[in-house]
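Line order of the protein sequences matches chains A and B. Under the working numbering, the first residue of the first sequence carries the number 1, and numbering increases by one thereafter. Under the working numbering, the first residue of the second sequence carries the number 1001, and numbering increases by one thereafter.
Certain hints may be false.
As the list claims (entries may be wrong) - Taking lysine-lysine pairs in the BS3-like style, the calculated list, with each CA pair at most 27 angstroms apart, reads: (1) B:K1165 - B:K1019; (2) B:K1187 - A:K79; (3) B:K1196 - B:K1027; (4) A:K97 - B:K1187; (5) A:K115 - B:K1111; (6) B:K1057 - B:K1027; (7) B:K1165 - A:K79; (8) A:K79 - A:K19; (9) B:K1205 - A:K110; (10) B:K1051 - A:K110; (11) A:K36 - B:K1187; (12) B:K1187 - B:K1165; (13) B:K1051 - A:K36; (14) A:K110 - B:K1196; (15) A:K115 - B:K1057.
Simulated from the structure, these hints should not be mistaken for laboratory data.
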Amino acid sequence: MILIDINSEHSFITSSCIKILYDFFENKNMPCYCIKDLLDPVIVDLVDNNKYIARDNFVLCSILKTICIFEAQRNNEIKSNSVLFMNDFFNYSFEFKEQNSINYLCNLCKCTSVKYLSFIIRDQLALKQIIPNSYLNIHFYIIDARKEIYSQIVKALKESEVY
Amino acid sequence: MLIAIEGIHGAGKSELIKKIQKYYNGKIPVIITNWNSYETIHPLLYKYRIKDHMNDKYTYFLMQLADFAFRYYSIIESAIGDSQVLVVADRYVRTGWVRGIVRGINEEYVKSAYSFAKEPDVEILLDVDINISICRRRPTSDNIWKIGMGVFSSKTQFSELEYRKYLTISRNLYLKYAIENHSLIAKDHLPLDLWKALCQEINHKLLF
Chain A
1 MILIDINSEH SFITSSCIKI LYDFFENKNM PCYCIKDLLD PVIVDLVDNN KYIARDNFVL
61 CSILKTICIF EAQRNNEIKS NSVLFMNDFF NYSFEFKEQN SINYLCNLCK CTSVKYLSFI
121 IRDQLALKQI IPNSYLNIHF YIIDARKEIY SQIVKALKES EVY
Chain B
1001 MLIAIEGIHG AGKSELIKKI QKYYNGKIPV IITNWNSYET IHPLLYKYRI KDHMNDKYTY
1061 FLMQLADFAF RYYSIIESAI GDSQVLVVAD RYVRTGWVRG IVRGINEEYV KSAYSFAKEP
1121 DVEILLDVDI NISICRRRPT SDNIWKIGMG VFSSKTQFSE LEYRKYLTIS RNLYLKYAIE
1181 NHSLIAKDHL PLDLWKALCQ EINHKLLF
């Protein structure tokens, strides 16, 4: 199973990246889901009505997301070769200076046998320099939004050896 | 400040908490937080119990982790290092570790999952012989053997043997971590000198 986090500065770029990736994986018979669709209604209620689940509480979000992925696997709602999409987890964690949350989510996902890929799409490549060393065990792919995106994504996926 | 009280079932944690509450009553606000007590998450726990998912080690572990994380951010985090309030945790991180590891989850994984929680200001392990633990629990619970049910086998029946095995491994793990973390350790009961040492440590941190 692959969990892909798309982080761009504009929602239309995020949408187009997700479309590229959906097409890419579905052509390889790998079913795609948005992680939001897997959230248990009880968890959605828990998130919506709980002041401690602000979007910036990455620990709680990571735990609840992991529970949902795990339950979806158990219930055979998703197959082991599925691709799950989420967006802006890296962006938010960077904004709130909670970079370790990426490591946390990644470690927590281990019980679900998830491979975590994070695409960071920027107009300028300066971001590459600010990804700390602690991220090196995570698959980050920096995409230059000024260039043609499709070929960069395909190149990154080939490098990642996820399919 | 945060005091974490750890130990297996029947170790005397509730008694110690009552004692602390009584001793500090009127001196400082005392808040008790119990393991598996975050009410908002109960509908989810109930749902997974009905579906018989709680026997799965990862579902069990993640649900306990979720309960802990909610209580940590809502009650515990702000109290750590604060000398104006006393939060007493009836079980804390070590219990999360023990319950995951005893179910066969990788130790490194378990520790990483709880890594967001800061160390308590004071930690005490109430270590108790397993026979004493069972004697203390038996009058208050008809089905105490259920506690370790399914941990070492997939069968739905529960037995005294399985419960004893569960307790023994849990106790050894608690002891290992208490020694590694230089926690206060009370054997079988809380002797007066240890109670005094505990109060002294709490008072020192509360600047009394």
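Hint-by-hint comparison with the structure:
{"no.": "1", "hint": "B:K1165 - B:K1019", "result": "30 angstroms, violated"}
{"no.": "2", "hint": "B:K1187 - A:K79", "result": "50 angstroms, violated"}
{"no.": "3", "hint": "B:K1196 - B:K1027", "result": "17 angstroms, holds"}
{"no.": "4", "hint": "A:K97 - B:K1187", "result": "43 angstroms, violated"}
{"no.": "5", "hint": "A:K115 - B:K1111", "result": "20 angstroms, holds"}
{"no.": "6", "hint": "B:K1057 - B:K1027", "result": "42 angstroms, violated"}
{"no.": "7", "hint": "B:K1165 - A:K79", "result": "36 angstroms, violated"}
{"no.": "8", "hint": "A:K79 - A:K19", "result": "20 angstroms, holds"}
{"no.": "9", "hint": "B:K1205 - A:K110", "result": "38 angstroms, violated"}
{"no.": "10", "hint": "B:K1051 - A:K110", "result": "23 angstroms, holds"}
{"no.": "11", "hint": "A:K36 - B:K1187", "result": "49 angstroms, violated"}
{"no.": "12", "hint": "B:K1187 - B:K1165", "result": "20 angstroms, holds"}
{"no.": "13", "hint": "B:K1051 - A:K36", "result": "22 angstroms, holds"}
{"no.": "14", "hint": "A:K110 - B:K1196", "result": "44 angstroms, violated"}
{"no.": "15", "hint": "A:K115 - B:K1057", "result": "21 angstroms, holds"}
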